[in-house]
Each structure stands twice: as structure tokens, then as C-alpha cells.
Amino acid sequence: MRALRAWSLRLPGLFRKQRHESEMAEELQSNLQLHIEDNLARGMSPEEARRQALLKLGGLEQAKELCRDRRTLPALESFFKDMRYALRNLRANPGFASIAILTLALGIGANSAIFSVANALLLKPLPFENLDRLVAVRESLPGQRLKATAVSPADFLDWRRQQSAFQHIAAYRVRRVTLTGTGEPELLPATYVSADFFAALQTNAAHGRVLLPEESQPGRDQAVVISHGLWQRRFAGNPGVIGSDLILDGRKVTVAGILPAGFGFPFGTDVWGPLALSPQQWEQRDTRNLYVLAQLKPGATVAQAQADMLGVARRIEELHPVTNAGIAVSVIPLRDLQSAFTQPLLLVLIGMAGFLLLIACANVASLLFARSASRGKEMALRTALGASRWRIVRQLLAESLVLACAGAAAGLLLARWASDYVRGSIPPGVARHIPGWDRIGIDGTVLALTLVVAFLTTLVFGLLPALRTSQPDLNTTLKEGGRVAAAGRRSRVWSALVAVEVALALVLLVGAGLSAKGFWRMLRMFDGADPAGILALQVSLPEAKYKDAQRITEFFQQVAARMAALPGVASVSAASNTPLNNRPNPVVELLIEGRAALQPGERQPADLVVISPGYFTTLGIPLLRGRAFTATDAAQAAPVAIISEMAARRYWAGEDPLGRRIQRTGASANDQWTTIVGIAADVKQGWFDKEIRPQLYLPDAQSPRPGMTFLLRTAGPPMNLAASARAQVRAVDPEQPIEKLLTLEQMFVEETSPFRFAADLMLAFGAIALLLAAIGVFGVMSYTVAQRTHEIGVRIALGARKADVLRLIVRQGMTTAAIGLCAGLPLALLLSRIMASQLFGVVALEYTTLAAIALLLAAVSLAATGIPTLRATHVDPLIALRSD
Amino acid sequence: MAGKADVWQGTLALMALKTLEALGPQHGYGIARRIEQVSGDKLAINYGTLYPALLKLEQEGYIASDWGQSENNRRAKFYRLTAAGRKKVRQEVQEWERASEILARFLAPAEEGR
Chain W
28 MRALRAWSLR LPGLFRKQRH ESEMAEELQS NLQLHIEDNL ARGMSPEEAR
78 RQALLKLGGL EQAKELCRDR RTLPALESFF KDMRYALRNL RANPGFASIA
128 ILTLALGIGA NSAIFSVANA LLLKPLPFEN LDRLVAVRES LPGQRLKATA
178 VSPADFLDWR RQQSAFQHIA AYRVRRVTLT GTGEPELLPA TYVSADFFAA
228 LQTNAAHGRV LLPEESQPGR DQAVVISHGL WQRRFAGNPG VIGSDLILDG
278 RKVTVAGILP AGFGFPFGTD VWGPLALSPQ QWEQRDTRNL YVLAQLKPGA
328 TVAQAQADML GVARRIEELH PVTNAGIAVS VIPLRDLQSA FTQPLLLVLI
378 GMAGFLLLIA CANVASLLFA RSASRGKEMA LRTALGASRW RIVRQLLAES
428 LVLACAGAAA GLLLARWASD YVRGSIPPGV ARHIPGWDRI GIDGTVLALT
478 LVVAFLTTLV FGLLPALRTS QPDLNTTLKE GGRVAAAGRR SRVWSALVAV
528 EVALALVLLV GAGLSAKGFW RMLRMFDGAD PAGILALQVS LPEAKYKDAQ
578 RITEFFQQVA ARMAALPGVA SVSAASNTPL NNRPNPVVEL LIEGRAALQP
628 GERQPADLVV ISPGYFTTLG IPLLRGRAFT ATDAAQAAPV AIISEMAARR
678 YWAGEDPLGR RIQRTGASAN DQWTTIVGIA ADVKQGWFDK EIRPQLYLPD
728 AQSPRPGMTF LLRTAGPPMN LAASARAQVR AVDPEQPIEK LLTLEQMFVE
778 ETSPFRFAAD LMLAFGAIAL LLAAIGVFGV MSYTVAQRTH EIGVRIALGA
828 RKADVLRLIV RQGMTTAAIG LCAGLPLALL LSRIMASQLF GVVALEYTTL
878 AAIALLLAAV SLAATGIPTL RATHVDPLIA LRSD
Chain S
-9 MAGKADVWQG TLALMALKTL EALGPQHGYG IARRIEQVSG DKLAINYGTL
41 YPALLKLEQE GYIASDWGQS ENNRRAKFYR LTAAGRKKVR QEVQEWERAS
91 EILARFLAPA EEGR
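Chains W and S, in that order, give the protein sequences.
Okay, so the first sequence: first residue is 28 according to our numbering, each after it adds one.
Okay, so the second sequence: first residue is -9 according to our numbering, each after it adds one.
Since the hints were made in silico from the structure, they are not lab data.
Among these hints, one or two may not hold up.
To give an idea of the interface, some chain W residues facing chain S are shown, with a C-beta separation under 7 angstroms as derived from the structure [claimed, not checked]:
| no. | residue |
| --- | --- |
| 1 | S57 |
| 2 | N58 |
| 3 | L61 |
| 4 | H62 |
| 5 | E581 |
| 6 | Q584 |
Computed from a prediction, not measured in an experiment: that's the story for all the values here.
Even for Gly, the Cβ is constructed at its ideal location relative to N, Cα and C.
Next comes chain W alone, as it looks inside the complex (with noise of 0.2 angstroms):
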């Protein structure tokens, strides 16, 4: 009780310290007064009164102590003035201080950026809260290594009814459709489910309704939900829309709710509808086109449903040989499935990220281990007045706690706005692609990671050369130039810092650098003419509406013709596909005319590229020999075809392919055969493809395709001229959406985008990683260069060049930056040899970048090094003697 109120007097006497301070002091002067006064009433002389007084007190500033200790609490106080002290060492040090927390604040800004785009993207790609418990169900060929293929609608029936693992299982197909009626037309990514599908994922409607069961009957079906993003983007967020008919794919559909913003499964998709097969389908089992999403039941895990299931398609298998023979199953965690794309990137970026974090707290270490060597001197004489050792640790772990403060709040804001950047680095179209983008952002988990990481470096690197220099040798330490010997000992210490520090920055600098060279390469891929000056307008036209070939070709020609006629533009063409979009081509299989049949396992594969005249003039792509298609090629006339340099190079060796004949097998014995007329310069389909792929194009008059890419040469900036393109396809079919409508340029970048995002963070982590290099070695030089300021004067003074003296003391820093050169090439080999595994094709292993980025290395630990000493030779010798 008593010892609490006298807590409660003493905790406000830590902010009245001034009055306290002047009450105590008048209080003994006081006393020591009458003291006196009694003493001269003794009969002692004055001196002798006051003398013998002061003895008594027993030292004025002693007992002034004893209060102060007695008045407030001096466990606290003393942690306050640890921190002003610490406050008042890094303000008086600025260039340490603002070093040491931009260090920090990098390494970790840069892993709390990464952590939060993979805890988006690979922890928790989907918005569900019970996605722990859903897994994706398919159809798997062991025999032919197909490890997830689509269901037939009579396995997913059977499987249903024999399953014992699952609490819900739901079946769902993906397609695109037309929406028409009110406004522009626009062509929807929409998925039609099974019952279960929205019990599955534990998802009601925000509003409205979702569907019911019932609606999956055939001709019950005109019940659809959308999605938020289709409301507020289509209808503008009115819920009057719940109830109203929409026209989809030109039939009328009526919304019955609205999923909550944020829900995107499948990722993308815009439109849910009943998947309404009739019995007829679901009777189905060679036709695979529907795929299965699961809730596991409560404590059942993957691999029992896995084995659960397996026993239920073992069952099917022996009823079905016909349909089922090797037909297997596989269960696949949804989350799994999600991030199979993003995954490989993140985790070369999550290395690197670490990466940097080390290189920040070698860093941070080198620096306070410079630091608190050259304030032996200051603690040793902190010592000798009496201070404790936990009393100096405990200053010590003050001042690092300060800067791990202040980096830590630094690097949360760098990763703040970090987090931020990434978000808006990728285009709205390409991020829709990739599920968990939209929601990347800093959140708890995050912010305590980042937070025990600062403290932890900052504190372990700040505790191990407080306890070295909290127990300095007193002798030593205090005679002057005792300070060389010790540097002797340390300087092993910062060598092994600094040259770890150029290690990891050697890994980090070639990992950028092999990025940086690949994203470029990939851009120039492209050698045509210049892809920003075409206009790319992609169409597909819907199977109910364009039924014959005849129908599809009048389209493609009218809009095209229409197209051409526009002011500014050069040439039109219109393909089924565009060069470098990653989307790959169907493949062919060629038969030759009178050649033999080919040996079984012998292949003759080829990519089909459907095109109108005009496409190599429109993309400027080279026609090597031959003729071009042109409008004669009509759907009537002889069929023709033009193939690839490498078509040409692998399948006619040595031979001439012009006038050739061959047909695609298959073909029927009437098949005409088709001429080869002409021999292209290669394209590259794909960014990561690994080799040029055999193509062959065919004239769209006579193999129309509904999906076609429109292609123009403008003359001036395409996007002017987007408007009116459109306004061609309106004019031919109002009802007719368009997909895409961008420059050539624009799509490469969009399908480049994650990688260039990959790249340009890459690049980021090795300017920094080479920034905090340089800032190690600087560090590190300048201390041990003022550590030997006297014995460069010594050697001065002694009559040796500066020349020569500054050559010693570089050779020494550059033998540790060759150190950890030599330590960082096996480790640079590897990561590129990974990245050449993950990124076919882009990424090489150059040895010529490799040595360039370690002589660029060496260039900058150079002039780290050689900065310090040189000024250190230009010091007086007289002032550099007398320094030490």
C-alpha cells in the first residue's frame, strides 16, 4: 500500500525535476546554515564553522544523488536518458545515423513490399475464408503424364453420387458471351455452375439472390447473378437492375442478384448462369468439358480425398473401359492451382528480397562495429568513472534501438508506397489475370514480420559489439595507440562483413542484370515494323449468329474493306492471331505429296496461322520468296498456302517447298491438296518459347476462323484512329462487340507486363544492393583508414610516397572485395542457371554480363576505397602524427 503510494509520488517526480532540483538544494543550504551558525555559537572561528559543517554533511553532491535516486525512479529515468543520449549521439553523427536507418529501411521496405505481393498472390489468391478447404477436382491420365483435365459431365454425375469425402462438390464450365441490348456490346467472361457451386465457396449474393437448384433444369434457366464489378461498371451500381432482363448471346436472361465486390471465381469472370445440361448431356462421358470445384468435409484432408476418390474412378473405370481406361483423379488445392503461374517469379523475387535484407544487415553490422570501435575511448573512460558494464550495453542497445525504430517506421512507409507502386505496375487488363493482384497491400501479418526483422538485425548486430566494447581493456584502450592493435583484431570482422556484403551483391547485381538485358531482348523480338504505329482491333463473332463459313468471310471482308478506306491509314489485314501475345497457335500436323508415310513417332507439326491479304506488308514481315496471298485466293479457288523459313529448313532440307503440295493428316482421301506459294521470315509466337516453331498460313477466305485480330498501318499515332475502326465493325454488326483495341506495342507490353514488373523489381534490389555495397565498403575503408591516419603519417613523414602508402591501404580493401567477388560468382551462377530454367528463353546465362557486373563491382569497391585514402594522404603529416 504505502510502497504504491510512494511509486505513485515518485513517477511525476521524472517531470518536476526542476523544482525538486531548486527545494533540495535550498533544504541542505539551509541546513548547512544553521549547521554553521550553531558552530560559530560554539565559539569556533567562521572557517573553522563552516569546515567542520561540510564535513558533516558528508558531501553535498552525494546526498544531492542519494535524493534525486530516492525522489524519482531510476530504472526508468535512466532508460529515458539512454534514449535522449542515444537521440543526442545519432543528431551529433548525422551521416552515420541517416545511413544506417536508409539501410534499414531499404532492406526492409523492399522484403515488406515483396512479402505483401506473395501473401497476396500465393497465401491468399482468393477471397475465401474456407479456401484451406477447397480443392479443384479433374480428370488425370498417369499413362500419358496429363495431370488435370477436364470431367465429362457422367464422371462428375458419378462422382457425386460416390464420393464420401467432400461436403459439396459443384460442377462448372467457362465460356464467353455477348451481351447486347442497352449500349455498346460487350463480350463477358461468364461461367455457367451446378448447384452446388456457390455452397461450395460459402458465397451468398450482396444482393438479390444467387441461383437456386431448381434452376438448372433446362428451360428454367434464364436466372443469372453478375458481378460487382459488371454493376458498377455497366448498370453504375443500380440496384434497380436485380429482376431486369439482360440479353445474353441474344437470348433473354433475367438478373436474380449481385455477388459481393472482391468475388472472382473463376478469376474473371463477369456472369454466373445455371449450367443446365439436358439429360441427353449428362449422359456424356467422352466429352470432357466441365470442370469440378470441392469443400472438403470438416478434418478430412487432400490426400484422403485423393485416395477417396480414386477408388470411386477406379469403380467408373471398370463399368466405362471404353470411355474411362487409365482415367484417373486428381485433387488439387485450389489455392495451388491459383498461384500456379505467379509462383516461380515470386519466389526468385522472395530470394532476392532476402537477399537484400542481408546485404542491410551486414551493413548495419559493419557499421556499428565501426562505430563502436572508434568509441573505445569513450566507453573505456565511461568505465574507469564507474559506470557498470550493463550500463554501457544498456546505452548501446538504446542507441540501436533508436535506429531500428527509425528504419523499421522508414522502410514501412517505403514499402507503403512500394506496395502501392506494384499494384498500379501491371495495366487493369493484364492484373485481372492474376488472381490476389487487387488486393496486394501491407496488413498485420506483414507489418510484425517487418517489425521483428528490424529489431531483431538492429538489436543483434547493435548487442555484439556493445558486449565487445563494454569490456574494453582498460589499459590498452586508454593509452594512446592502443587502438591500432585492436583495429588489427576487428578489422578481420568488417573484412568478412564487407566482402559478404559484396557477395550477396554480386548475386543480386547479376540476377538484375540478366532480367534487365532479358526484358529488353524481348521487346526487340519483334523485328517487323515498328508496333507502335498498328492498331490492333480483336473481334470474335458468336457461333449462333455466324453459323457458315460464307457469313464469316463477308464480315471480315466488309470491315475490312470499310477499314481501309479510313483516312491515315496504310494497310489493313486481319489475322488469327498476332506475334509475340504468348497465345499459343493450333498445330498442324503436315502430310507431304509423295513423300513416304512417316515412321510411327515421326512428327511433322506446324503452327496455323489464319491471315487476309496483306499481313506481311501490314507487319512488315520480310516474304522471303513467293507470292503474298491476294483477294484470288477466294474460298473457291485452289487452295494455297504460304509457310515459315523453318517449316521451309526442317521439312524440305535441301529442297525447293515452292509448288509443293501437302495436306494436313486427317484430311480425307477427297481433300484437295494445298500449294505452297511463298516462304516467310520466322515470328515468335511466345515470349518464353524456347525455339523457333514451324508455321504455316492459310488465306481466311478459304479457312475463315470467327476470331480474328484486325491489324492496321496508320499514319499518324493509331489511337487516333481507334474511334472510327470501331465505328467499321458497328457499322457492318451493331450488335457486334469488340475484345480488344490497342496498339501492337501496347500488347506486347501488357503481355510482357508480370515479367517486366519482375525485371524493373530486379533492378531495383541491384541498384540498391550496389548503393549499400558501395556504402559498406566506404564505411568500413574510411574507418580503417582513420584508424591508421597516424601510421600514414609515420610513413609520410618517413619519406614515403603517397603514391605507394595509397596503394597499402587499397591493395587491403580490394583483396576483401576480390574476396567476396570470388565468394559471390559460384552463387551468381546459380541463380542464373535457375532463372534460365524458369524464364526459357528470355533469361541466358551470359558470361559476358556476368564479368561485367563483377567489374562493375570492383569498380565501385575501388573508388569506396580509394575516396577515404586518398584523403587521408593529402593530411599533413605533422596533423596526422599528432592525431593519434
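On the provided structure of chain W, position chain S as indicated by the hints.
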């Protein structure tokens, strides 16, 4: 200060309280002097140790202080006993008496010899 006993910890507070009970409000120097006098100059009170003890007693609420005038018209801080302080004195005195009685039995020559 040879020959004079130092005041051992814990007893100084009681002596100060007892002094205040006997003399009424008193300043620090007065308390020190009084303790020395009562001990027959066998104790030497270092004012430096008395002052923190007084501070502690004040913080615990056993004594209170006011600034006042000394007999020779000097401004000084006067300490006085509070109600809690009076109770504390009685309690402490009892405890001391009991303790010293026990100790005395140990130290006294055995009456019922061996």
C-alpha cells in the same frame, strides 16, 4: 569519525520518527542533532543519509513537511508527524521492543547454568 557508530539501515527512520514525536515539528538539521544528543554522541548522523530517509518517509505518508522559520529566523523545511506516522511509531516501537527482548535473551548469560 572514529569511535562513533554508524547508523545501521532501517533504524534511522524510526529514530527520526521518534524524534519528531518527542519534539514536534523539526527541521532536518535539528533531527540529526537531536539523534546525536540522545545517543550521547555515540552516533554520528550524516546528514546526507538522513535526507533520503526523510524523503522516503514523506513519500510513504508518515511525515509531512512545510517551509517555516527556525528559532534564529532562518527559512527551513520543517517535518511533522502525520496520524499515520504516529501509528507507525507505536507499531515500530513495539516491534523493536519485542525484537530486542528476544535478542537480549540470547545474549544474556544463561541463568539456569549447565
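Hints the structure fails to honour: 5, 6
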